[in-house]
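Enquirer: With chain A fixed as given, assemble chain B onto it according to the hints.
Chains A and B, in that order, are what the protein sequence lines are. Residue 367 in the UniProt record's numbering sits at position 367 of the first sequence, with consecutive numbering throughout. Residue 288 in the UniProt record's numbering sits at position 288 of the second sequence, with consecutive numbering throughout.
Note that these hints are calculated values from the structure, not bench results. Incorrect hints may have been included.
[What the hints assert, rightly or not] Far from chain A by the CB rule (all over 10 angstroms, computed), these chain B residues:
#	residue
1	Thr35
2	Asp42
3	Asp71
4	Leu187
5	Ala312
6	Gly313
7	Leu352
8	Leu363
9	Thr401
10	Leu426
11	Ala437
[Unchecked claim] With a straight-line cut-off of 27 angstroms between C-alpha atoms, the simulated DSS-like cross-links for lysine-lysine are:
#	chain 1	residue 1	chain 2	residue 2
12	B	Lys128	A	Lys89
13	A	Lys128	B	Lys89
14	B	Lys128	A	Lys4
15	B	Lys4	A	Lys4
[Said to hold, decoys possible] Label pairs and their calculated CB-CB ranges:
#	chain 1	residue 1	chain 2	residue 2	range
16	A	Thr2	B	Gly92	38 to 44 angstroms
17	A	Leu426	B	Leu363	33 to 39 angstroms
18	B	Arg397	A	Lys246	51 to 57 angstroms
19	B	Leu187	A	Asp186	47 to 53 angstroms
20	A	Tyr435	B	Asp221	44 to 50 angstroms
21	A	Asn429	B	Gly353	39 to 45 angstroms
22	A	Asn8	B	Gly92	46 to 52 angstroms
23	A	Arg283	B	Thr179	50 to 56 angstroms
24	B	Asp71	A	Glu393	24 to 30 angstroms
25	A	Gly402	B	Ser427	57 to 63 angstroms
26	A	Lys89	B	Glu64	20 to 26 angstroms
Computed from a prediction, not measured in an experiment: that's the story for all the values here. Cβ atoms here follow ideal geometry from the backbone N, Cα and C, with glycine treated the same way.
Protein chains: 2
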Amino acid sequence: MTTKYTLNETDIPRAWLNIVPALPSPPPPALHPGTLQPAGPDDFAPLFPMDLIMQEVSMEPFIEIPEAVMDVYRLWRPTPLYRAHRLEKALGTPAHIYYKYEGTSPAGSHKPNTAVPQAYYNAKAGVKKLTTETGAGQWGTALAFACAQFDIECEVWQVRASYDAKPYRRLMMEVFGATVHPSPSDLTASGRAILAQNPDSPGSLGIAISEAVEVAAPRADTRYALGSVLNHVLLHQTVIGQEALKQFEQAGEYPDVIYGCVGGGSNFGGLTFPFLAENLAGRRNTRIVAVEPAACPSMTKGVYAYDFGDTAGMTPLMKMHTLGKDFIPDTIHAGGLRYHGMSPLVSHIYELGLIEAESKNQLDCFAAGVQFARTEGIIPAPEPTHALAACIEEALRCKETGETKVILTALCGHGMLDLAAYDNYLSGNLVDYDYPAEAIQAALAGLPKI
Amino acid sequence: MTTKYTLNETDIPRAWLNIVPALPSPPPPALHPGTLQPAGPDDFAPLFPMDLIMQEVSMEPFIEIPEAVMDVYRLWRPTPLYRAHRLEKALGTPAHIYYKYEGTSPAGSHKPNTAVPQAYYNAKAGVKKLTTETGAGQWGTALAFACAQFDIECEVWQVRASYDAKPYRRLMMEVFGATVHPSPSDLTASGRAILAQNPDSPGSLGIAISEAVEVAAPRADTRYALGSVLNHVLLHQTVIGQEALKQFEQAGEYPDVIYGCVGGGSNFGGLTFPFLAENLAGRRNTRIVAVEPAACPSMTKGVYAYDFGDTAGMTPLMKMHTLGKDFIPDTIHAGGLRYHGMSPLVSHIYELGLIEAESKNQLDCFAAGVQFARTEGIIPAPEPTHALAACIEEALRCKETGETKVILTALCGHGMLDLAAYDNYLSGNLVDYDYPAEAIQAALAGLPKI
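Chain A extracted, bound-state conformation:
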């Protein structure tokens, strides 16, 4: 009875999988906010090195992974694919539940999969410092680690709610050598503008992005790194799904349905795109479901429209599912899912009807997280508990119907630095937030008129 499917270092994918050329139509282009014309490489050049910009718009089906990136990937990749025998038994389900576990990375999540190549391409282009935002702290940790590998400075704006709730995340970034500020901060014009309106602002990913972008854009030796949302970020994450495909070959099974949590979309895209490619090639027909928090439901309750990626409106306009850039989500513990928008690529694929979406509230998610921890031994980060809750629901449906479905979920990180959230839950103090209809309506009213 196999519990985990492991691969050798030689099985780490040698190339990232680009889903775009396999789609029936490409996603709509980003627009320059002034001209409203499609944004070209030059519009992105103040923020990103050219290698990453070219990946952002590439139509190549595969992009080779540089050897220097492989060298760092080998520290934790390939990651294990687990069969959740003990959870299945506890649920009494005939379903086969699998999880691809990314928590063995230095940051404890999937984020280093893209942090490492981003730091590498920036170092290659002569960049001396990267700025970024972080919500849950996972992305900031990953970038801090990656920058240490390529001798680049790293400066992080951590969403205030998370900065206060998760001191260990800041400390972890500092151990890797990064500098960390709470966001909104008084170090930037966009931070000061938010603080002027609300000195106690809990912050949001959108605000933190504005601050990091504002610092990077005008400086020649400084660039910005984004932990999700963009095509090149999702591209780098496809090592996850490519490994999982090989591991299902070992298992002699194939997933009927995949659940992945979505915030910006990189964990979801990373696991599911290689399986989507199999669907698009007509070889398979797996249901693929994005699971988002009920408190920040960009796919299930947002609109599909052009909007800014950040709160201050400094980024190019991207067509995506959005709740409006001014929407500040309630401070749910899944800080990594508190983003007003959704990856334009995931949004486009959703519009094409190739994937589904649903939402979960946080009490159900933490219940799933505790059940998972006590059976499988891994305490999940709050983000992937959204997908776990959907998984468990599906497994219990199978118990009713007697179906032996194969269910796969992305366990994108552990929750060792999220234990205060579990304490909150176990002590009965965790609340569910109502669907924030009014706040979303107000934010959507401010969408750019295009």
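Expert: Chain B alone, transformed into the frame defined by chain A:
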């Protein structure tokens, strides 16, 4: 260039290796504190189930691992053996540095290797509740997880210094379903006696053991579990070294020297005993070095004598290297190494001249930990930084001499829940404690006269 040597589930050892029959002489027996006669199985029966007592005194060279234990081991075993290419490069050493990493377990350390069989044998014997102590929190977490697998209650006395400094450790135990008390507590006579002398006592492993033993001994359905020190605990940990032997076969190398940190001795014994067996069989001649904290130097500054395992004097007497049961170490961050004694088996092997010992102070250890984190990506727990510091010293000696030595160290756990200690170090607030000569002298004066 291989970074990590991974094994398949089928490579998990099927038996634990018992080093005792391979030794030139067996370790001296434990004594009943009243009669001073060798303690028999009945003397241990109030504390442990008979299967574990028989393992404690076994002369079989191998003891088969039960299938129910293998089932749980598969959640994280085999663990990876890493070649520290990036650390070697940073040091500029010709030495080859390897580390066997146990931090991928549910508790984040090697402790579940014995927590799982201990919970299993207790459940098999009909035990309903296990009590225990925990220093760094690693052992308590491991036992909490293991008890959840076999449906046993778990009650933990956590050393006060650690309880206060590491709230996340308590939370982790609670997520796994355990009940946690700070020690000394007012729940036991031994705890109350300590508090009467010093209401602000930081506690120690010895005190916490007294409390857990006091609660377990008189109750028919309750037993006690120890996370280190005893023969059966070290026995269970030998899965580590057995895997490492196979992994060195893959690597085509063999360690010239092994460094392992020692508190109670279980991590050290677990990694090194299979290599020691190769030495004893005359096939190899690896140097094996135990590294302990300068603030709690039982091997390098203690005496080899009969002493109690706990502070209140409730356990059988064990011949071991000890600083005296009343010695309360300074509150170094390596909470798992704050124990007055040393495993009787490790002590005996040290007396036989089969291993060496040295001590490190905590500033050097944290410097090694930060260098390791920034190069290898894993933030080590404070305990294994002692061995890392010795490793780095050896690698730098090799740089001087040009020797291509193969160095192995036991990286027994990660430090994600020890980040406050790193913060302390990085902000310049960490102190070194002087060798506590007077306190040790005073404690040694109280040794039982045998």
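Enquirer: Taking the hints in turn, state whether each one holds.
Expert: For each hint, the structure was consulted:
1. Thr35: 43 angstroms, holds
2. Asp42: 35 angstroms, holds
3. Asp71: 8 angstroms, violated
4. Leu187: 21 angstroms, holds
5. Ala312: 31 angstroms, holds
6. Gly313: Correct as stated: the minimum Cβ-Cβ distance to chain A is 36 angstroms, above 10 angstroms.
7. Leu352: Consistent with the label, Leu352(B) stays out of reach of chain A, its closest Cβ about 38 angstroms off (over 10 angstroms).
8. Leu363: 16 angstroms, holds
9. Thr401: 28 angstroms, holds
10. Leu426: 6 angstroms, violated
11. Ala437: 33 angstroms, holds
12. Lys128(B) / Lys89(A): Cα-Cα ~21 angstroms, so holds.
13. Lys128(A) / Lys89(B): Answer holds: Lys128(A) to Lys89(B) is near 21 angstroms, not above 27 angstroms.
14. Lys128(B) / Lys4(A): Outside the cut-off at roughly 30 angstroms; violated.
15. Lys4(B) / Lys4(A): 17 angstroms, holds
16. Thr2(A) / Gly92(B): 38 to 44 angstroms: 42 angstroms, holds
17. Leu426(A) / Leu363(B): 33 to 39 angstroms: 37 angstroms, holds
18. Arg397(B) / Lys246(A): 51 to 57 angstroms: At 43 angstroms between Cβs, range violated.
19. Leu187(B) / Asp186(A): 47 to 53 angstroms: Because 49 angstroms falls inside the window, the suggested range holds.
20. Tyr435(A) / Asp221(B): 44 to 50 angstroms: With Cβ atoms ~48 angstroms apart, the hint holds.
21. Asn429(A) / Gly353(B): 39 to 45 angstroms: With Cβ atoms ~57 angstroms apart, the hint is violated.
22. Asn8(A) / Gly92(B): 46 to 52 angstroms: 29 angstroms, violated
23. Arg283(A) / Thr179(B): 50 to 56 angstroms: 52 angstroms, holds
24. Asp71(B) / Glu393(A): 24 to 30 angstroms: At 26 angstroms between Cβs, range holds.
25. Gly402(A) / Ser427(B): 57 to 63 angstroms: The hinted range 57 to 63 angstroms holds for Gly402(A) and Ser427(B), with Cβ atoms some 59 angstroms apart.
26. Lys89(A) / Glu64(B): 20 to 26 angstroms: Because 24 angstroms falls inside the window, the suggested range holds.
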